[in-house]
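From just these sequences and the hints, can you work out the full model?
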Amino acid sequence: MNEESLNPEKSGRYWLLKGMREAICLPTFLLMCAFVGFAGLARENGITMLQALVMTSTIWALPACVVLITAIANGATLIAAFIAVTLSSARMMPMAIALIPEMRTKKTRTWVLLLLSHFIAITAWVIALRRFKDVPKQYRTYYFGGLGGTITLINQFVVLGVYLSANSFPPQVLGVLFFLTPIYFLTSLWGSARETTGKIAMVVGLLMGPFFYLNLPGLDLLATGFIGGTIAYFIGRFMRARNAKGET
Amino acid sequence: MTFDAIDSWWWPLAFILIAGWLATDMWRWLGVLMGNRIDETSEILVYIRSVATALVAAVIAQLIIFPSGTLSETPVLLRIAAALTGFSTYIFIGRHVGLGVLAALVVLSAGIVLDI
Numbered sequence: 001m002n003e004e005s006l007n008p009e010k011s012g013r014y015w016l017l018k019g020m021r022e023a024i025c026l027p028t029f030l031l032m033c034a035f036v037g038f039a040g041l042a043r044e045n046g047i048t049m050l051q052a053l054v055m056t057s058t059i060w061a062l063p064a065c066v067v068l069i070t071a072i073a074n075g076a077t078l079i080a081a082f083i084a085v086t087l088s089s090a091r092m093m094p095m096a097i098a099l100i101p102e103m104r105t106k107k108t109r110t111w112v113l114l115l116l117s118h119f120i121a122i123t124a125w126v127i128a129l130r131r132f133k134d135v136p137k138q139y140r141t142y143y144f145g146g147l148g149g150t151i152t153l154i155n156q157f158v159v160l161g162v163y164l165s166a167n168s169f170p171p172q173v174l175g176v177l178f179f180l181t182p183i184y185f186l187t188s189l190w191g192s193a194r195e196t197t198g199k200i201a202m203v204v205g206l207l208m209g210p211f212f213y214l215n216l217p218g219l220d221l222l223a224t225g226f227i228g229g230t231i232a233y234f235i236g237r238f239m240r241a242r243n244a245k246g247e248t
Numbered sequence: 001m002t003f004d005a006i007d008s009w010w011w012p013l014a015f016i017l018i019a020g021w022l023a024t025d026m027w028r029w030l031g032v033l034m035g036n037r038i039d040e041t042s043e044i045l046v047y048i049r050s051v052a053t054a055l056v057a058a059v060i061a062q063l064i065i066f067p068s069g070t071l072s073e074t075p076v077l078l079r080i081a082a083a084l085t086g087f088s089t090y091i092f093i094g095r096h097v098g099l100g101v102l103a104a105l106v107v108l109s110a111g112i113v114l115d116i
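Sequences listed follow chains A and B, in order. Taking full-length UniProt numbering, the leading residue of the first sequence gets 1, the next gets one more, and so forth. Taking full-length UniProt numbering, the leading residue of the second sequence gets 1, the next gets one more, and so forth.
Everything labelled a hint here was simulated from the structure, so no lab data went into it. Predicted model only: the values in this text are computed from it and were never measured. The C-beta atom is built at its ideal place from N, Cα and C for all residues, glycine as well. Each hint should be verified, as a subset may be incorrect.
[As the list claims (entries may be wrong)] Label-pair ranges, simulated between beta-carbon atoms:
#1 A:164 / B:95: 34 to 40 angstroms
#2 B:68 / A:10: 49 to 55 angstroms
#3 B:68 / A:203: 23 to 29 angstroms
#4 A:160 / B:5: 24 to 30 angstroms
#5 B:95 / A:134: 18 to 24 angstroms
#6 B:7 / A:173: 32 to 38 angstroms
#7 B:81 / A:154: 31 to 37 angstroms
[Claimed, not checked] Covered stretches of chain B (chain A as the covering partner; in silico rule of three or more C-beta atoms under 8 angstroms from a C-beta of chain A):
#8 21 to 32
#9 53 to 64
#10 74 to 87
#11 91 to 103
#12 106 to 114
What follows is the structure, given as structure tokens:
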């Protein structure tokens with residue numbers, strides 16, 4: 001009898017499997033529905049099944065996938081598409097910065113964290129931050145690998161399934177499921193906004209986006225990001241300064 | 001160089017890997033490498049998050065107001081009403097993403113079925 005069979009909670013495999021099991025939950029189901037909509041969007045824009053699967057697995061961030069498809073549909077150049085996706089994925093850095101210290105022990109190798117960081121996206125990130133307190137620190141990399149890997153894999157099959165069967169979906173059902181994507185982002189992005197600035201940026205972006213879509217086609221996302229984001233940042237900064245003054 | 005610039009099987013995949021994979025994973029890698037060294041409340045991060053959030057919000061608005069495919073056949077006011085219902089449900093009833101999404105889909109489906 002080795003230590004593992006005597007005490008299953010002290011093995012990496014136990015926590016890997018636990019992460020895999022806990023990937024089956026409501027947020028994952030919502031993400032799957034959103035990926036059905038994404039696959040529908042990809043199909044409608046002439047993206048092949050292989051291209052959609054490569055996008056899903058290598059980008060693994062639904063907003064970035066949608067931004068990329070929108071850029072492709074608008075005939076953007078490689079540079080313009082790269083900048084647009086770069087901006088939409090910049091959120092990943094603070095998300096990684098917040099999560100990595102909770103997984104890192106003195107023995108954790110950096111390449112393991114670099115590999116695992118690929119699974120950082122809204123769904124796995126929210127679940128991990130909520131569940132990590134019940135996972136021993138030295139097993140959190142196993143847990144997160146099981147969790148993130150499973151959610152990613154499940155959605156490969158979702159995309160595959162939609163491509164193989166979308167013709168049998170009634171168009172209204174696909175349309176309604178596609179509507180899930182913006183609502184899912186709207187609510188979970190609002191929930192993950194840590195400071196007031198994020199919420200102001202969301203409102204400003206929602207209002208400015210359609211304006212620039214009509215008046216600055218092709219550059220609308222970049223313009224909204226930079227102009228709207230800058231305005232939101234200064235409004236947020238002004239509000240913080242005023243609050244700080246009010247407290248003293 | 002657009003997505004259709006080179007007529008071959010590998011160019012669209014290279015386009016996706018550069019403009020999609022690299023553009024996204026480099027932030028995750030940067031986040032790992034910066035790890036504890038950057039203060040999460042630092043001003044530059046607040047600004048980066050603000051720009052990124054506004055950009056994603058623009059995508060959200062575009063998907064609601066100017067969607068492609070079958071959704072574009074539904075009235076824009078119905079989609080805005082469904083989105084507002086979903087968001088208010090999320091804000092006022094316990095902050096459940098699932099409830100918010102469900103409420104929005106119910107309003108949209110009802111609108112389609114009743115042909116409003």
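For each hint, the structure was consulted:
Taking 34 to 40 angstroms as the suggested C-beta distance range, the pair residue 164 of chain A and residue 95 of chain B conforms, at roughly 36 angstroms. Separation of residue 68 of chain B from residue 10 of chain A is about 52 angstroms and conforms to the stated range, judged on CB atoms against 49 to 55 angstroms. Restraint check, residue 68 of chain B to residue 203 of chain A: a C-beta distance of roughly 25 angstroms satisfies the suggested window 23 to 29 angstroms. The given range of 24 to 30 angstroms is respected by residue 160 of chain A and residue 5 of chain B, whose C-beta atoms sit roughly 28 angstroms from each other.
Range check, residue 95 of chain B to residue 134 of chain A: Cβ separation about 22 angstroms, and the 18 to 24 angstroms hint holds. For the hinted restraint 32 to 38 angstroms between residue 7 of chain B and residue 173 of chain A, the CB-CB distance of approximately 35 angstroms keeps it satisfied. Residue 81 of chain B and residue 154 of chain A have their C-beta atoms about 32 angstroms apart, which keeps the hinted 31 to 37 angstroms range intact. Counting residues of the stretch 21 to 32 of chain B whose C-beta sits closer than 8 angstroms to any C-beta of chain A gives 12, which meets the bar of three, so the coverage hint holds.
Check result for the stretch 53 to 64 of chain B against chain A: holds, 12 residues qualifying (beta carbon to beta carbon below 8 angstroms, three or more required). Under the rule that three or more residues need a Cβ within less than 8 angstroms of chain A, the assignment of the stretch 74 to 87 of chain B holds, with 6 such residues. Residues of the stretch 91 to 103 of chain B with a Cβ under 8 angstroms from some Cβ of chain A number 6, which satisfies the need for three, so the listed coverage holds. With 3 residues having a beta carbon nearer than 8 angstroms to a beta carbon of chain A, the stretch 106 to 114 of chain B meets the requirement of three or more and the stated coverage holds.
The structure fails none of the hints (numbered hints given earlier).
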